[in-house]
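Spelled out, the chains give:
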Amino acid sequence: MPNRCVHCSAVYKDGSEEVLTGCSSCNGKFFFYISEEKLKIILEDKSEEIELNDIDKKQIESDVREIAGIEDINSPVVLDFESVKITKPGKYLLDISNLFSKKRPLVYKLEEGKYFIDISSKNNLA
Amino acid sequence: MLKILKDLSRKVIRSLFGPKKNIKIGFYGPPNAGKTSLANLLCQDWTGEDIGTVSEMPHETRGVSFKEKVEIKHKGKNLTFKFVDTPGIATRIDYEDFLKFKINKKDAKKRAKEATQGIIEAIKWLDDMEAVIVVLDSSENPYSQVNITIIGNLMARKIPVLLVANKIDLKKSNIKKVQAAFPEYEVIGISAKNRLNIDEFYDSLFKLAKKV
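Going down the list, the sequences are from chains P and A. Just so you know, my numbering puts 62 at position 62 of the first sequence, and the rest follows in order with no gaps. With positions in the second sequence counted from 1, the corresponding number in my numbering is that position plus 1000.
Because the hints were derived from the structure by calculation, they are not lab data. Remember, it's a predicted structure, so these values are computed and weren't measured experimentally. Note that the Cβ used here is the ideal one computed from N, Cα and C, for glycine as well. Treat the hints with caution; some may be incorrect.
[Said to hold, decoys possible] Calculated cross-link-like contacts (lysine-lysine; reagent style DSS-like; alpha-carbon spacing at most 30 Å): (1) A:K1024 - A:K1177; (2) P:K58 - A:K1102; (3) A:K1100 - P:K91; (4) P:K91 - A:K1105; (5) P:K85 - A:K1110; (6) P:K57 - A:K1024; (7) A:K1100 - P:K58; (8) A:K1193 - A:K1100; (9) A:K1024 - A:K1176; (10) A:K1077 - A:K1024; (11) A:K1193 - A:K1176; (12) A:K1110 - P:K88; (13) A:K1176 - A:K1211.
[Said to hold, decoys possible] Which bits of chain A does chain P cover? Going by a derived footprint, with three or more residues having C-beta under 8 Å, they are: (14) 1117-1130; (15) 1168-1174.
All chains, full assembly: derive it from the sequences and hints.
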């Protein structure tokens, strides 16, 4: 699945170097996974996209880092939006069936200081 | 097979060394159902201290809190518990919902963030629980996604459960509806705020401890 920069919307293929080193257009280190289908829909119809201003984006990034307990601001973070969606600062939608799933941990700490917050799983207990 | 052996060895050890000390019991449920009110009542009765603060505003408890070694004597029996109070589990947290309680926008957003963090933490802690008291508001519809997900997961993890239908002092309270929604479990109706049916609750708590 492609990674999309939260700050400037640049899209990178899974495993791209930019996800580790920072977005090449805005230097951001906060990405989220987006499915090919969803990306296609958004590119075709802009109204499908959630409108966020720069302040909101920065706030959401700092909130996510705090919620996941990632203190190093230089560590890249990739968010899987399937379990915790943040539509605006202070507005959260939680998929608790996914959160309850025991199959995977909440936050992966990968090598090179990359974090992956993956709270989703296809094998839910509930 | 391994689980059967584990259970068996636990039973043998129990019979040799007497009852288990410090039974870990978690209080889980949706926000504002009265988890902390009930946990406070128990802690006040036996330790003289609260476990946390309560409020009319949802998501007052935003971190997991503990009370160790709560020794309860009931009808000639004596058990020691570790109580774990958890934040209310919700599917949607919106800071705007807090604004009507007259807090400012900044604090409301902070509360929403902490509540989200608290829910993730509460769910992480579930694996450490030996038994769970699910506290529901008996004046609300029991068939909510939150209730069904929590109870379904506890069942899947084979964690013993006691269902508490709180707020029976309210006119809209309907214990029968809670019982009908979750027929597999014992439901005890109480009012933590008005101390109604608490003796019966202690009966149920000791019954729950036996299942650990």
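Hints, one by one, checked against the model:
1. A:K1024 - A:K1177: 29 Å, holds
2. P:K58 - A:K1102: 26 Å, holds
3. A:K1100 - P:K91: 15 Å, holds
4. P:K91 - A:K1105: 12 Å, holds
5. P:K85 - A:K1110: 16 Å, holds
6. P:K57 - A:K1024: 40 Å, violated
7. A:K1100 - P:K58: 26 Å, holds
8. A:K1193 - A:K1100: With Cα atoms ~23 Å apart, A:K1193 and A:K1100 stay inside 30 Å; holds.
9. A:K1024 - A:K1176: Holds, at about 29 Å.
10. A:K1077 - A:K1024: Within the cut-off at roughly 18 Å; holds.
11. A:K1193 - A:K1176: Judged against 30 Å, a Cα distance of about 20 Å means the pair holds.
12. A:K1110 - P:K88: Distance ~13 Å between A:K1110 and P:K88 Cα, so the pair holds.
13. A:K1176 - A:K1211: It holds: about 24 Å lies between the C-alpha atoms, which stays within 30 Å.
14. 1117-1130: Coverage by chain P holds here, the residue count being 7 at a Cβ distance below 8 Å.
15. 1168-1174: violated (count 0)
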